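Colleague: By our numbering, the letter at position 77 of the sequence shown is numbered 77, and the numbering carries on one by one without gaps.
Among the clues, some could well be false.
To be verified - The calculated lysine-lysine pairs, modelled on DSSO-like cross-linking and capped at a C-alpha distance of 27 Å, are:
no., residue 1, residue 2
1, 177, 201
2, 105, 127
3, 127, 201
4, 127, 177
Since the hints were made in silico from the structure, they are not lab data. Please read all numbers here as calculations on a predicted model, not as lab measurements.
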Amino acid sequence: MDGITNVPIAHLKKGEVNLGTSIMAVQFNGGVVIGADTRTTTGAYIANRVTDKLTHIHDRIYCCRSGSAADTQAVADIVHHHAQLYTSIYGSAPPVATVAALFEKMCYENKDQLSAGIIVAGWDEEKGGSVYNIPLGGGMFQQPWAIGGSGSTYVYGYCDATYRENWGEEQTIEFVKNTLALAMSRDGSSGGCIRMCVITKDAARRIFIPGNELPRFWEGKEVVGSSAGVTAQVPGAAAAAHFFKQYLAPPFRPSPKQSPHNLYNATLDSVLPGRVGLAANPLVTLLLRSGEQ
């Protein structure tokens, strides 16, 4: 326990509070779907597991925030103020493009002082649903879908291969949910839960997916057999445990005629009749080869 209680927390928490993040927005027929993970970090320390990175700007306009938590909150608050002021002066909601331009202006003019990556998405009478990506540095790009944050680098290929135009609401929700779950499974700075918001002409509807209900993908349960060209279950845990405990644990030392390779095959034959073969478990094959040297 001493090794746990004496962990230097101050060292782990070095650095500013950061939304090392996975954020996303996707346009569909009738609106947009935005989403984000919920992890906030301070250095290696997880400061908040349920952060809300989807920030309300106007009734039908939201932004997704990545980068420094303090910077993005300050910028979002200022743009929110100007959006409400626009409504007070003109009597109508601002276009999504106008709000995105405000974000762009602030991020560009203060790019040397800010760490802020923003995705602005929403619905307006002029364009319907629209998505604007404002990465670090202050550019502005209208796109049918946009992803950002540290987790985005792991899922660009998935998005390119999966996204289709003219999706409906449910298909878009599923796409955003799966993409964020994949990013969170690979990026150490993303995690927690998934928050989404569906923005249409009629409403902005929130969706929350807790961590224990995230989509699950390949979890290492299967490997591809190199000889048969089929997917086979990894040889049973009972067989592997029996082999390593019986033949590789000290003080047992096999004779030259009892190579680990042959012993493992014999063990599998006795425990798993009709097995696919040693090629079905490349990890064990590698371990055995190293043991024979």
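Colleague: Taken at face value, is the distance from the CA of residue 201 to the CA of residue 177 at most 27 Å?
Modeller: 22 Å, holds
Colleague: Is the Cα-Cα distance between residue 127 and residue 177 27 Å or less?
Modeller: 25 Å, holds
Colleague: Taking 27 Å as the top limit, are the C-alpha atoms of residue 105 and residue 127 close enough?
Modeller: Distance of about 21 Å is within 27 Å: holds.
Colleague: Sort out whether residue 201 lies within 27 Å of residue 127, counting only the CA atoms.
Modeller: 11 Å, holds
Going down the numbered hints, you'll see the structure goes against none, and every one checks out.
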